[in-house]
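Asks: Chain by chain, the residues:
2 protein chains.
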Amino acid sequence: MLEDKLTQTPISLESVVMIKGQVVKAPKAPNGYEIKVLLIEAINPALSPLPFEINKSQLNARLDTLLDHRVLSLRHAQAHSIFKIQAILATAFAEFLTKNGFTRIFTPKIVGSGTEGGSNLFAINYFEHQAYLAQSPQFYKQMMVGAGFERVFEIAPVYRAEDHNTSRHLNEYISLDLEMGFIESEVDLMVLETELLRHMFEKVANECEMELNLHRVEIPVISEIPRMTVREAQGILKRQYGKESPKGDLDPEGERLICQYVAKDKKSALVFLTRYPRDIRPMYTMPAPEDSSLTASFDLLFNGLEITTGGQRIHHYSKLVESIESKGMEPKHFASYLELFYCGMPPHGGLAIGLERLTSRLLGLTNVREASAFPRDRTRLTP
Amino acid sequence: MLEDKLTQTPISLESVVMIKGQVVKAPKAPNGYEIKVLLIEAINPALSPLPFEINKSQLNARLDTLLDHRVLSLRHAQAHSIFKIQAILATAFAEFLTKNGFTRIFTPKIVGSGTEGGSNLFAINYFEHQAYLAQSPQFYKQMMVGAGFERVFEIAPVYRAEDHNTSRHLNEYISLDLEMGFIESEVDLMVLETELLRHMFEKVANECEMELNLHRVEIPVISEIPRMTVREAQGILKRQYGKESPKGDLDPEGERLICQYVAKDKKSALVFLTRYPRDIRPMYTMPAPEDSSLTASFDLLFNGLEITTGGQRIHHYSKLVESIESKGMEPKHFASYLELFYCGMPPHGGLAIGLERLTSRLLGLTNVREASAFPRDRTRLTP
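Listed in order, the protein sequences are those of chains A and B.
Those letters in the first sequence? Residues 556 to 938, by the numbering used here.
Those letters in the second sequence? Residues 556 to 938, by the numbering used here.
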């Protein structure tokens with residue numbers, strides 16, 4: 556409670572102050588106590604008026620305005636809580652994997668060539684050379700598996716020079732990546748991700764009760780995550796919703812509807828889609844054992860949105876060269892990656908979770924930008 | 556022990572194999588046991604001969620060759636151990652800070668302008684705009700402090716388009732950054748860093764005994780880290796070694812010699828140098844209270860090399876504008892950063908530790924590139 560002293564010293568809202576006073580019981584105060592102020596001093600005043608009010612229960616301004624004045628909007632308890640939860644998610648990811656024999660790695664984000672043939676890359680002038688920002692640590696995490704670390708993870712930014720400006724896309728985002736050797740099939744990865752997310756969600760539920768209350772969400776308890784092939788999902792969409800899908804894939808509406816279906820029919824907020832066709836998966840993806848036009852890969856959808864892509868990778872040199880060529884690309888452009896496959900490479904696979912998407916689906920945010928402290932999108936470079 | 560079966564199936568060195576067999580006691584084997592092979596199968600053969608031998612106690616090839624074939628060289632126990640230790644250092648950094656009320660943050664590496672006026676920046680084509688790779692998360696970690704997180708840390712790559720190609724420089728490296736509000740002076744940061752490094756070193760000593768033995772190093776036990784002003788250090792260099800220093804700074808030889816002096820005279824592998832002059836510190840650095848031509852900043856040297864720069868930052872809008880102008884730069888180029896300082900910003904400061912340099916000094920590596928899995932330097936973009 557700011558008393559007489561304060562009215563004598565006009566201090567604007569959001570200023571930094573030093574207060575000397577006495578803590579007293581006050582049954583009407585939010586947590587039962589107040590400070591009886593003896594001395595208040597402005598350490599650093601804030602400009603008045605502020606661009607928007609932040610002392611209300613909701614932030615009442617357009618998202619763009621909130622992002623333009625990010626230091627202020629992040630002081631609001633609800634915006635603030637998003638990043639407290641995000642920090643816990645990342646920490647829990649590292650914690651679970653470290654306990655399970657994974658080594659934390661750091662791989663370069665400046666790369667000589669793209670992982671998937673050159674589209675959607677940001678170009679950099681690297682002294683005399685052209686270089687690019689890494690779209691994913693894919694090649695490098697595979698190399699670290701092959702270098703004998705066997706199980707590795709990385710938490711780092713990735714870059715996508717995608718032109719679309721939707722509520723689901725960021726041009727720079729944090730990828731929670733893992734890769735592991737000596738798997739039997741992509742099923743090992745789905746089992747691991749189920750346990751991993753269970754740990755991450757439990758940690759958030761345990762440590763962020765206050766933050767979760769602000770968003771009025773309950774963290775899903777993960778037991779089994781249902782799996783279905785893309786073909787099965789397409790069939791369900793057709794039968795249940797009369798919905799057509801693009802060849803071998805689901806569109807964003809299809810992803811929303813299949814999650815709706817799974818939530819109702821299987822009581823799960825999450826669903827694995829498997830057996831994506833080879834044409835829409837990258838060249839390093841392992842073909843399915845029963846049908847080489849399909850792959851041993853999967854996506855994980857969560858509350859209507861894809862948050863993970865993963866799968867087994869090809870580990871034989873000659874099969875990989877074949878796959879690169881079948882995509883119309885030249886093996887010589889992947890020379891330093893290909894070397895991995897004649898050093899003795901075990902069967903392996905991995906996955907990546909988009910941290911902002913995961914956060915946004917967990918908290919029911921309408922735009923993934925809300926889950927990025929300083930988002931980079933088609934038009935935003937500041938702050 | 557590879558038995559008769561193996562000689563029947565020629566399997567090249569470094570191939571991936573599946574072995575079925577029986578574990579038997581064998582007193583002469585390195586850890587007292589051998590596998591009596593019943594079946595051995597090559598899962599994926601390695602090319603023979605390899606570019607260098609990796610089954611010797613030392614890797615006997617030039618650093619460039621080892622880096623060219625990184626998947627192979629990282630299989631060598633000594634190279635491998637560097638990254639096991641590095642992973643522990645990063646984990647211990649996060650662990651200590653989380654326990655001390657710091658929040659893990661993620662800030663953009665694509666930025667609209669540099670933190671220090673535009674030199675040494677890698678330029679990116681960001682759609683219609685020119686953008687840059689962040690040289691440090693400096694502005695963003697300050698913003699997160701101002702946004703009410705108060706204590707934050709980040710583990711992420713930073714970029715320096717520096718032309719020199721020395722054994723101490725990388726153009727992309729991992730920066731262990733922290734920033735905290737409501738400090739009294741930069742001394743709070745030096746105290747924190749002392750405790751932080753103590754925790755990191757203890758964790759490595761406890762968890763990496765085998766790895767440390769390979770490098771024949773003992774981890775220093777940190778009690779107090781001695782502090783001296785740059786001027787005092789220059790005096791010691793002059794008196795003890797007849798060494799002249801550049802104005803207000805130490806050169807690389809001076810850093811080596813002062814560490815040598817401190818190791819002998821104060822029994823410490825680490826030393827804080829304080830009171831760097833304003834001309835050689837960035838515009839956001841707080842001037843020293845007793846002499847505004849000096850700063851409330853410091854470097855930390857470890858076994859001959861600077862591994863940290865830190866200090867208190869200016870938190871008053873008008874003083875910061877003045878400082879920007881005194882460096883010949885225009886405040887309007889820092890508009891979104893400057894907004895922070897009229898939202899009510901507490902006294903604050905922070906520091907950054909170069910992870911590869913820390914690793915390399917801890918293990919006595921001769922070149923910082925050895926502490927980067929896939930280094931980026933003046934000429935290296937692959938693998």
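Note that these hints are calculated values from the structure, not bench results.
The structure displayed is predicted, hence computed values, not measured ones.
Hints are supplied without guarantee of correctness; some may be wrong.
Identical copies carry no separate label here, and so any pair may be met within one copy or between two of them.
Mimicking BS3-like on lysine-lysine, the simulated pairs with C-alpha atoms at most 27 Å apart in a straight line are [to be verified]:
#1 K821 to K874
#2 K793 to K822
#3 K819 to K874
#4 K758 to K654
Asks: Look at each hint and say if it fits the structure.
Replies: Cross-check of the supplied hints:
1. When the C-alpha separation of K821 and K874 is checked against a cutoff of 27 Å, the pair qualifies neither within a copy, at 38 Å, nor between copies, at 61 Å.
2. Taking the closest pair of Cα atoms, K793 and K822 come within 27 Å of each other only inside a single copy of the chain (21 Å); across copies the shortest separation is 75 Å, beyond that limit.
3. In the homo-oligomer, the alpha carbons of K819 and K874 never lie at most 27 Å apart, since the shortest distance is 42 Å inside one protomer and 59 Å across protomers.
4. Both within a single protomer and between protomers do K758 and K654 lie at most 27 Å apart by alpha-carbon distance, with minima of 15 Å and 15 Å respectively.
Hints 1 and 3, counting from the list given before, are not met by this structure.
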